[in-house]
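**Q** Residues per chain, in single letters:
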Amino acid sequence: MLENKVKRVISFLSPTIIPILFIIFWDLAARKIGNNAILPQVTAVAKHFININDNIIGIGTIPKNILYSLVRVFIGYVLAIIVGLPLGLLMGYSRRVKGALNLFISLFQPVPAIAWRPLVLGWFGVMSVATIFNLDYGPTYAIMDNFKLSMIFLIFLSAFFPIWGNTMFGVSNVQEVLVESALVLGASKKDIFFHVLLPGAGPNIMNGLKSGLTAAWSCLVAAEMLPGSMSGLGYLISHAYELARMDVIVAGIICIGVIGALFDGIYSRISNKYFSWQRLVR
Amino acid sequence: MDNIVFKLNNIGKVYNENEKNELVVIKNLNLEIKENEFLCIVGPSGCGKSTLLRILAGLELPTEGEIYYRGKELKKPTKDIGMVFQNYSLMPWLTVEENIALGLKFQNAPKKKQKEIVDEHLEMIGLTKFRNSKPYELSGGMQQRVAIARSLANNPDVLLMDEPFGALDAYTRIQLQKELLRIWEKHKKTIVFITHSVDEAVYLADRIILMSKNKGAIEVDIQVDIPRIRDRANPRYAELNQQLLDALEELNKDE
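Chains as they are written, first to last, in my numbering: chain A, 1 to 282; chain B, 1 to 255.
Next comes chain A alone, as it looks inside the complex (with noise of 0.2 Å):
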């Protein structure tokens, strides 16, 4: 009984003594080197957390960056599934398609996004989702002038492959002998595709949208990096950068990390509880 307790409090405790002891480290090694533009102290950092409503900077409060972030990454992501999703089904659906489109797609797939920026800025400049819509000038002007286009399509590009990818993977390693049990059952083409191949690619297809997202999240900073940016946590780190605010890079990167492990827990979650069979079939 005992001994069972012991063992859970352990296996709970267990994740948090490395980083702990990392914490311990770095102010330690702070406090040794003694310049916060080398190495900011542990309570240098925190301090932004404690006061979270503070303006840093003069671009405005953690959270506030926090959300304009949010907001890119999910106008990115969202238009990378309604593109890279269907794309996906279709060519692992049709041998044709996909041998039409795969070269083609394949070849962008190794470009990093950040290579796409000179492109992108000449593209789309500084044209955001307040010009777009033509909003006049005013408070929602301001707000929607963050979002720019650039940005945006940075994301989308870097949440699109593994979103495709996994999805096409996924759907053409249906096993053969799903799909021929359900034709002898009498099973249309529709049904072929809704009721095996759709289901049956499922939990690849969590796994496109789950490392689709990981993959939105951490183009942040590539993407708030370019020009025209005001906000975001990616602006946050580059601006800190050119003030030498080490201090605040490091508040900047902790939200990125957090953030992300979150989304990535969240996923695990919904897969664990939706598409279990997967792990557990032969």
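You may find that some hints are simply not true.
Residues from chain A shown here face chain B by an in silico Cβ test under 7 Å; the list is partial [unchecked claim]:
no.	residue
1	Pro110
2	Val177
3	Glu180
4	Ser181
5	Leu183
6	Val184
7	Leu185
8	Gly186
9	Asp191
10	Pro199
11	Trp277
Note that these hints are calculated values from the structure, not bench results. All C-beta atoms, glycine included, are put in the ideal place defined by N, C-alpha and C.
Following the hints, complete the assembly by docking chain B onto the known chain A.
**A** Frame of chain A, contents of chain B only:
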């Protein structure tokens, strides 16, 4: 007059035709299968028996000859010709109940009717308690029971079975053979059953066909004249078993 369910005229099946790796699986095969017949097809691995069954299911088309199902040329799978695969053919994301209802769903049967049929078939295979389980929670034998129930729930005219008990342990296998016979006696479907076990064929079949590796030729075609339920200790049973085993050995010698 017996009704002919399947008529195969000079069926041939060649993979990769006119290419370097051309493979002739079946050549000039003629076969008639009668209504309500329990036909077992026995043969060594690679003799084309599975290909033949897939052709009967409409999953593959012969490269030569014609296949007629109830007088009409068979071109694609139909709900009237059910098939039970060797294993792992249940949708892993559906429960037992949903798997059994799958064919009815494809037919757009009313929900109430679906439930009635599913209940009846769950009872038949004795898995009512497991209706909400997922396939991976079941043993291999239970999964095959569900696969059989799924086919039968569709009320097919013919049931094709591709070594459905091949992956099961000996005891479960014998249990399922008995159950299958009980179901067959009740529903009187035409069954084409593939097996590599001579004993299984003699226990189940009205008629046994022996196929050889020689391009899927039918070498032996016999009626089994032992009344059911068959007793494995019956001298006639043992005799037939031996006769078929000898014939198989002869076939393997030829190569």
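**Q** Return the status of the interface hint for Pro199/A: holds when the least beta-carbon distance to chain B is below 7 Å, violated otherwise.
**A** Holds - the Cβ of Pro199/A comes within 7 Å of chain B, reaching about 5 Å at its closest.
**Q** Quick check on Val184/A please, does its C-beta sit within 7 Å of some C-beta on chain B?
**A** holds, 4 Å
**Q** Does Val177/A pass the interface hint, meaning its C-beta sits closer than 7 Å to a C-beta of chain B?
**A** holds, 5 Å
**Q** Checking hints one by one. Is Leu183/A an interface residue toward chain B, by the C-beta closer than 7 Å rule?
**A** holds, 4 Å
**Q** Let me know if the C-beta of Pro110/A comes in closer than 7 Å to any C-beta of chain B, holds or violated.
**A** violated, 33 Å
**Q** Holds or violated: is the Cβ of Asp191/A closer than 7 Å to a Cβ in chain B?
**A** Interface hint status for Asp191/A: holds (5 Å vs cutoff 7 Å).
**Q** Tell me if Ser181/A is really an interface residue toward chain B, meaning its C-beta lies closer than 7 Å to one of theirs.
**A** Where the cut-off is 7 Å and the nearest Cβ of chain B is about 4 Å from Ser181/A, the hint holds.
**Q** Given Trp277/A as an interface hint, is the shortest Cβ-Cβ distance to chain B below 7 Å?
**A** It holds, given that the least Cβ distance between Trp277/A and chain B is near 5 Å, below 7 Å.
**Q** Identify whether the interface hint at Glu180/A stands, where standing means a beta carbon of chain B within less than 7 Å of its own.
**A** holds, 6 Å
**Q** Close enough to count: is the Cβ of Leu185/A nearer than 7 Å to one in chain B?
**A** holds, 4 Å
**Q** Does the nearest C-beta of chain B fall within a distance shorter than 7 Å of the C-beta of Gly186/A?
**A** This hint holds: Gly186/A lies near chain B, its Cβ roughly 3 Å from the closest one there, short of 7 Å.
When the structure is compared with the earlier hints, a violation turns up for hint 1 alone.
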